[in-house]
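Visitor: As a plain string of letters, each chain reads:
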Amino acid sequence: MGDLDAQGNVDNSNLPAYKPRHNANATDIRRSVGVAPKVFFLEKGFESFSIFKTIEELTEETTCTEGVEIVIRGCTNGAFSNPSTIRTGSYFVKLGGTTGAVDIDNSSEIFQITRKQNKVGEALDPLEEASEGIFIPTNDPSKVALGIGITNAFHNIAGSFSQIELRIK
Amino acid sequence: MSDLGAGGTVDYSALPNYTPRYKANAIDIRRTVAPTPTQIGTKQFLADAAANVGFSGAGDAFGKTFTQLNSGVLFRVVDSASTSFCHVGISAAGLAVSDCVLLEDGDEIFIPAEDLNNISIFSNPGTAGITLSMLGE
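From first to last, the protein sequence lines stand for chains F and A. FYI, in my numbering the residues of the first sequence are 1 to 169. FYI, in my numbering the residues of the second sequence are 1 to 137.
Hints may be right or wrong, so weigh each one.
Unchecked claim - Okay, the calculated bits of chain F under chain A, using three or more residues with CB under 8 Å as the criterion:
(1) 4 to 17
(2) 53 to 61
As the list claims (entries may be wrong) - As a list, the in silico DSBU-like pairs of lysine-lysine whose alpha-carbon atoms are at most 30 Å apart:
(3) F:Lys38 x A:Lys64
(4) F:Lys53 x F:Lys38
(5) F:Lys169 x F:Lys53
(6) F:Lys143 x F:Lys169
(7) F:Lys143 x F:Lys53
(8) A:Lys64 x F:Lys143
Unchecked claim - Looking from chain F toward chain A, a few residues come up when the C-beta cut is under 8 Å (computed):
(9) Val39
(10) Leu95
(11) Gly97
(12) Ser142
(13) Gln163
(14) Glu165
(15) Arg167
What the hints contain is simulated information worked out from the structure, not anything from laboratory work. Given the structure is predicted, the values throughout are model-derived calculations rather than measurements. We put the beta carbon where it would ideally sit given N, CA and C, even for glycine.
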């Protein structure tokens, strides 16, 4: 709060130093329509990979402003598609742009997206939901890699048909 | 609203006291990209592995040497037998299962914390084990 000096003038000298608010003139997102994400569907084919691929490799998008959402849909392949709450394989996220073979062990630098593994007869999602996802904040799609699990310590199997949705914003 | 004083000067005395907005000059998070996670991992807590039974710091359990968090960490149960579960609590002397949250099949929890080892995970003996994935920043 400013004071009045002896002459009755406003004296602001006791106010802390300040500078204009950062990005003060930028578009106020509270009053603007959000930017729609770019949506990519990865169909059959991706699951044949047992390697990590970056989101940039999968979508050819080189930048984003908020992040990447990865959504794993229910299975579309015969025996796996009924009930629809069965999801395909176990999908893993790796950060930092690392690619290469999916190598799972207990100390892996991975996050498993799907809440239940695709093990025959046990692939039902415990929440009875057909899709599962994760949002990774980033401005560089090349720093987020996605891979599908193969037979490994977590008892996953590959080969089922998947629907993967990538939303980039 | 301010008034004019007798000398024509602006008189703010009718305005309430205020203080500069906290962190007024900090970066406005509404307009910046959220930090990319720095902590990531998946861990099987096997009940038959004696070393994994009992409380462990989450950082130690996931084999992390760098355990700092800025905002918190998400734990997701990605696999478990139907009768398996684990307990997650805030690290403290005398921490007991009764102080913890129970995680079981299909569960997920975000815990605000500054260090992974400020969170303790109790792998319960007598169950078939449980697998957690974690993602934190």
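Visitor: Starting from lysine 143 (chain F), check that the Cα of lysine 169 (chain F) is at most 30 Å away, please.
Guide: Given pair lysine 143 (chain F), lysine 169 (chain F) holds - Cα atoms ~15 Å apart, limit 30 Å.
Visitor: Would you check the hint for lysine 143 (chain F) and lysine 53 (chain F), treating anything up to 30 Å between C-alpha atoms as holding?
Guide: 10 Å, holds
Visitor: Just to be careful: measuring from the Cβ of arginine 167 (chain F) to every Cβ in chain A, is the smallest value less than 8 Å?
Guide: 15 Å, violated
Visitor: For the pair supplied as a hint, lysine 53 (chain F) and lysine 38 (chain F), is the alpha-carbon distance within the 30 Å limit?
Guide: Distance ~18 Å between lysine 53 (chain F) and lysine 38 (chain F) Cα, so the pair holds.
Visitor: Is the interface hint for serine 142 (chain F) satisfied, with its Cβ closer than 8 Å to some Cβ of chain A?
Guide: 12 Å, violated
Visitor: Using Cβ atoms only, decide whether glutamine 163 (chain F) comes closer than 8 Å to chain A, and label the hint accordingly.
Guide: Check failed: Cβ of glutamine 163 (chain F) comes no nearer than 19 Å to chain A, outside 8 Å.
Visitor: Does the nearest C-beta of chain A fall within a distance shorter than 8 Å of the C-beta of glycine 97 (chain F)?
Guide: This interface hint is violated because 11 Å lies over the 8 Å limit.
Visitor: Holds or violated: the stretch 53 to 61 of chain F covered by chain A, criterion of 3 or more residues with Cβ-Cβ distance under 8 Å?
Guide: Per the Cβ count (0), the hint is violated.
Visitor: A closest beta-carbon separation below 8 Å is what the hint needs, so does glutamate 165 (chain F) meet it against chain A?
Guide: At 19 Å from the nearest chain A Cβ, glutamate 165 (chain F) fails the 8 Å test, so the hint is violated.
Visitor: Compare the distance between the alpha carbons of lysine 169 (chain F) and lysine 53 (chain F) with 30 Å, and conclude whether the hinted pair is satisfied.
Guide: 19 Å, holds
Visitor: Please verify whether lysine 38 (chain F) and lysine 64 (chain A) have alpha carbons no more than 30 Å apart.
Guide: 35 Å, violated
Visitor: Under 8 Å, Cβ to Cβ, is where leucine 95 (chain F) needs to be relative to chain A, so tell me if that hint holds or is violated.
Guide: The hint holds - leucine 95 (chain F) has a Cβ within 8 Å of chain A, the shortest such distance being about 6 Å.
Hint check: violations occur at hints 2, 3, 9, 11, 12, 13, 14 and 15; the rest are consistent with the structure.
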